[in-house]
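> Chain by chain, the residues:
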Amino acid sequence: MRYYADTGGRTYECRIAVEDGETFVEVDGKRFRADLRRIEAGEIYSLLLDGRSFEFALRRRDDVVELSGAAGHFLVRVEDERTRAAREKAPREARAGPRTVAAIMPGVVREILVAPADRVAKGQPLLILEAMKMQNEIRADRDATVAAIRVRAGEAVDKGAPLLDLA
Amino acid sequence: MPIRKVLVANRGEIALRVVRTLREMGIGSVAVYSEADRDELHVRAADEAVPVGPPPPSESYLRGDRLIDAAKRTGCDALHPGYGFLSENAAFARAVRDAGIVFVGPSPESIAAAGDKLQARVTMRRAGVPVIPGSDAPVRGIEDVKRVARDTGFPLVLKAVGGGGGKGIRVVRDAKELEPSLRRASSEAQSAFGNAAVYVERYLERPRHVEFQILADAHGRTVHIGERECSIQRRHQKLLEESPSPRLDPVVRARMGEAAVRAAQAVGYLGAGTVEFLVDRAGGFYFLEMNTRIQVEHPVTEMTYRLDLVRLQIEVAEGRPLPFRQEELAPEGHAIEVRLTAEDPASGFLPETGTVRSLRLPQGPGVRVDSHLYEGQAITLHYDPMIGKVIAWAPDRDAAIARLRRALLELRLVGVKTCAPLLLSLLGDQRFRRGEVDTFFLEEFVREEGWRRPPTLGGLPGDLPAAVAAVLHAHARQGASRAVLSGNGAAGAPSPWLRDGRREAMR
Chain A
80 MRYYADTGGR TYECRIAVED GETFVEVDGK RFRADLRRIE AGEIYSLLLD GRSFEFALRR
140 RDDVVELSGA AGHFLVRVED ERTRAAREKA PREARAGPRT VAAIMPGVVR EILVAPADRV
200 AKGQPLLILE AMKMQNEIRA DRDATVAAIR VRAGEAVDKG APLLDLA
Chain B
81 MPIRKVLVAN RGEIALRVVR TLREMGIGSV AVYSEADRDE LHVRAADEAV PVGPPPPSES
141 YLRGDRLIDA AKRTGCDALH PGYGFLSENA AFARAVRDAG IVFVGPSPES IAAAGDKLQA
201 RVTMRRAGVP VIPGSDAPVR GIEDVKRVAR DTGFPLVLKA VGGGGGKGIR VVRDAKELEP
261 SLRRASSEAQ SAFGNAAVYV ERYLERPRHV EFQILADAHG RTVHIGEREC SIQRRHQKLL
321 EESPSPRLDP VVRARMGEAA VRAAQAVGYL GAGTVEFLVD RAGGFYFLEM NTRIQVEHPV
381 TEMTYRLDLV RLQIEVAEGR PLPFRQEELA PEGHAIEVRL TAEDPASGFL PETGTVRSLR
441 LPQGPGVRVD SHLYEGQAIT LHYDPMIGKV IAWAPDRDAA IARLRRALLE LRLVGVKTCA
501 PLLLSLLGDQ RFRRGEVDTF FLEEFVREEG WRRPPTLGGL PGDLPAAVAA VLHAHARQGA
561 SRAVLSGNGA AGAPSPWLRD GRREAMR
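Chains as they are written, first to last, in this note's numbering: chain A, 80 to 246; chain B, 81 to 587.
By construction, these hints were calculated from the structure, which means they are not laboratory data. It should be emphasised that the depicted structure is a prediction, and the values quoted were computed from it without experimental measurement. Careful, some of the hints might be misleading.
Heads up, simulated DMTMM-like pairs for lysine to aspartate or glutamate below, C-alpha to C-alpha not over 25 Å straight-line [as the list claims (entries may be wrong)]:
1) K247/B x E257/B
2) K256/B x E268/B
3) K247/B x E209/A
4) K197/B x D216/B
5) K168/A x E190/A
6) K197/B x E268/B
7) K85/B x D450/B
8) K197/B x D157/B
9) K247/B x E190/A
10) K256/B x E285/B
11) K201/A x E529/B
12) K85/B x E104/B
13) K238/A x E115/B
14) K247/B x D129/A
15) K201/A x D424/B
16) K226/B x E139/B
17) K197/B x D149/B
18) K109/A x D129/A
19) K201/A x D220/A
20) K238/A x E455/B
21) K247/B x D216/B
22) K247/B x D178/B
23) K238/A x D424/B
24) K238/A x D464/B
25) K238/A x D119/B
26) K201/A x E190/A
27) K238/A x E139/B
28) K168/A x E92/A
29) K238/A x E160/A
30) K226/B x E115/B
31) K238/A x D141/A
32) K152/B x D196/B
33) K152/B x E139/B
So here's chain A without its partners, still in its complex pose (with noise of 0.2 Å):
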């Protein structure tokens, strides 16, 4: 089976095949004898990759992978190549449809920054949110217009909360 894991920008191709009871892990082309267990209830992980030893706490929530190691702290996005064709075919109108804009942490509205129907360039600020008396500008992720706003200025969100949508 192959698996494309995303993480920090970039992706690594891997395939996984067992011979003769042990598993093998190709990454971009290079081949690993991989022995992953899981050790503890509290979901710590011991990864032997040819023999060498690395060890993560390890959480997934939908198709994200969080690891927490030595060399970091890593939210990995696996996907296997099903998955992956499938959504490759999703017509492409579903992508550009409206999308709503979520809080990334929780906070207070400070300011809304534009009105419905407003057409917005990618990078502009949208609102302010401020978390830890530290006031973050949220920004258009592309070019679009404003299909609705769903906060009011000064009121308190949780993260992952609506903010507004664009369309």
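Chain B: place on chain A using the hints.
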């Protein structure tokens, strides 16, 4: 008068820290907690615990009346304020004293004298402590500023009288900017602090931040317990502190220590405190401010001098004399502390929230971890993002750096991102290793972005093993192949992690 029971008027790691010493001393401890903190470690560690209100600090940990009431109801004879919250609030210290409870710290008069920045300038200069050239009173109009500027030269800095913690500061680089800058500084000060008054100081280019720990008893003895180099800071928030300072001339060090003792004596100090100095590139040092509480970074002093500063605070508050004279105090080795914060340095230090999972804290020789983290803990925005401190001691600085790096590599924490990757990279930086740091170093280091690349481990890019582990985990969840698990998986029962993976998949 012996203290029998102490109300710990704080939360987080410092509350836990104080409770630990109280237990070692056989003194009772009473924790306080907001509605958000019922499950916190400091509540579970203390002998007793009292709720003091809703999660926002203004309704709980800053409610002096509720804290004093809790102390009275539980029969405490003393109150330890920790750091932050009400620890440097003279009115609170006075209210505690008026309630017949010992405030573990200096008198309200000392707190007030050290807390008034302009008054402190005058007091310190009179005591022979160098202060940065500038005005000792709020400036009255542009002519006044021009007059002071003749003494300070340029660049100079306009500071809000009501400001602090690096807020309300405006640098002026030449005389032409003076008038518009004064206007802006005054109006900013008015809107930010409700007080338009500003004063003037010479601006020090790329200073270092070096502070001295002091300790004073009620019998007239004041000593300093060495320095801490705290130049690694961002927006005036320290991130790494060490002792001794890697680049401090021994003659300057000795003069600073003496000045720190005079500074403490000048405000009639009692207990543990810190005198902060800025050191310029010529080796000149200037009084910055005095912190009238235990500092976050106190463990580096404890490790190099083999002392328990919280115990000494309590003993001095009991009226006991300090158990040593200045000449008996000598540091040994080198200690470095890093502050672990739930902030993502890769996205502009955005505070992280979430639930702590799969936690493992560093251990091993020469490592101390002061942290209130636990698995299942909710990290919220109500309180400071600092989730712990990792401190390493070794015979010399290079060994201490290596040891602290080793300790940080042992940290496992899933649920929130932390600043650990930045800290690791900082500890590996050649300039840092040579001690070439100043208060601007960290901000520039963060902008350089080199630290964002995961380090190479075992000859592989740091994120490659993570990607492989994630893929193998996903593969096992699909139940694709029992043989993915090697080792005990060749025959017989599927391994526990594969089984769990399948169970998870069926949910």
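> Take the hints in turn and mark each one as holding or not.
Results for each hint:
For the suggested pair K247/B and E257/B, the alpha carbons sit about 20 Å apart, so the restraint of at most 25 Å is met. Pair hint K256/B plus E268/B holds up; C-alpha atoms about 20 Å apart against a cutoff of 25 Å. Of the pairs offered as hints, the one joining K247/B and E209/A holds, with about 18 Å between alpha carbons and a cut-off of 25 Å not exceeded. For the proposed pair K197/B and D216/B, the alpha carbon gap of about 9 Å is at most 25 Å, so the pair holds.
Between the alpha carbons of K168/A and E190/A the distance comes to roughly 39 Å, so the proposed pair goes past 25 Å and is violated. A distance of roughly 18 Å separates the Cα atoms of K197/B and E268/B; the hinted pair therefore holds under the 25 Å criterion. A distance of roughly 23 Å separates the Cα atoms of K85/B and D450/B; the hinted pair therefore holds under the 25 Å criterion. Between the alpha carbons of K197/B and D157/B the distance comes to roughly 32 Å, so the proposed pair goes past 25 Å and is violated.
With a C-alpha separation of about 22 Å, the suggested pair K247/B and E190/A falls inside the 25 Å cut-off, and the hint holds. Of the pairs offered as hints, the one joining K256/B and E285/B holds, with about 20 Å between alpha carbons and a cut-off of 25 Å not exceeded. A hinted pair counts as satisfied when its Cα atoms are at most 25 Å apart, and K201/A with E529/B qualifies at roughly 23 Å. Between the alpha carbons of K85/B and E104/B the distance comes to roughly 13 Å, so the proposed pair stays at or under 25 Å and holds.
With a C-alpha separation of about 21 Å, the suggested pairing of K238/A with E115/B holds against the 25 Å cut-off. This hinted pair does not check out: K247/B and D129/A have alpha carbons roughly 53 Å apart, beyond 25 Å. Distance hint between K201/A and D424/B is fulfilled; the C-alpha atoms sit about 23 Å from each other, no more than 25 Å. Between K226/B and E139/B, the direct Cα distance comes to roughly 45 Å. Violation of the 25 Å bound is thereby established for this hinted pair.
At roughly 31 Å between alpha-carbon atoms, K197/B and D149/B are farther apart than 25 Å, so this suggested pair is violated. Between K109/A and D129/A, the direct Cα distance comes to roughly 11 Å. Compliance with the 25 Å bound is thereby established for this hinted pair. With a C-alpha separation of about 5 Å, the suggested pair K201/A and D220/A falls inside the 25 Å cut-off, and the hint holds. For the proposed pair K238/A and E455/B, the alpha carbon gap of about 21 Å is at most 25 Å, so the pair holds.
Distance restraint check for K247/B and D216/B: the Cα-Cα separation of roughly 19 Å lies within the 25 Å cut-off, and the hinted pair is therefore satisfied. At most 25 Å may separate the alpha-carbon atoms for a hinted pair to count; K247/B and D178/B exceed this at roughly 33 Å. Proposed proximity of K238/A and D424/B is supported: the alpha carbons are some 15 Å apart, at most 25 Å. With a C-alpha separation of about 18 Å, the suggested pairing of K238/A with D464/B holds against the 25 Å cut-off.
Using a Cα cut-off of 25 Å, the hinted pair K238/A and D119/B holds, with the two alpha carbons roughly 22 Å apart. The hinted pair formed by K201/A and E190/A meets the criterion: a straight-line CA distance of about 19 Å does not exceed 25 Å. Between the alpha carbons of K238/A and E139/B the distance comes to roughly 23 Å, so the proposed pair stays at or under 25 Å and holds. Our distance criterion of 25 Å between C-alpha atoms is met by K168/A and E92/A, whose separation comes to about 19 Å.
Between the alpha carbons of K238/A and E160/A the distance comes to roughly 31 Å, so the proposed pair goes past 25 Å and is violated. With a C-alpha separation of about 53 Å, the suggested pairing of K226/B with E115/B is violated against the 25 Å cut-off. Restraint check for K238/A and D141/A: satisfied, since their Cα atoms lie roughly 17 Å apart, inside the 25 Å limit. Restraint check for K152/B and D196/B: not satisfied, since their Cα atoms lie roughly 30 Å apart, outside the 25 Å limit.
Restraint check: the Cα-Cα separation between K152/B and E139/B comes to about 19 Å, which is no more than 25 Å; the hinted pair holds.
Hint compliance for this structure: hints 5, 8, 14, 16, 17, 22, 29, 30, 32 are broken, all remaining hints hold.
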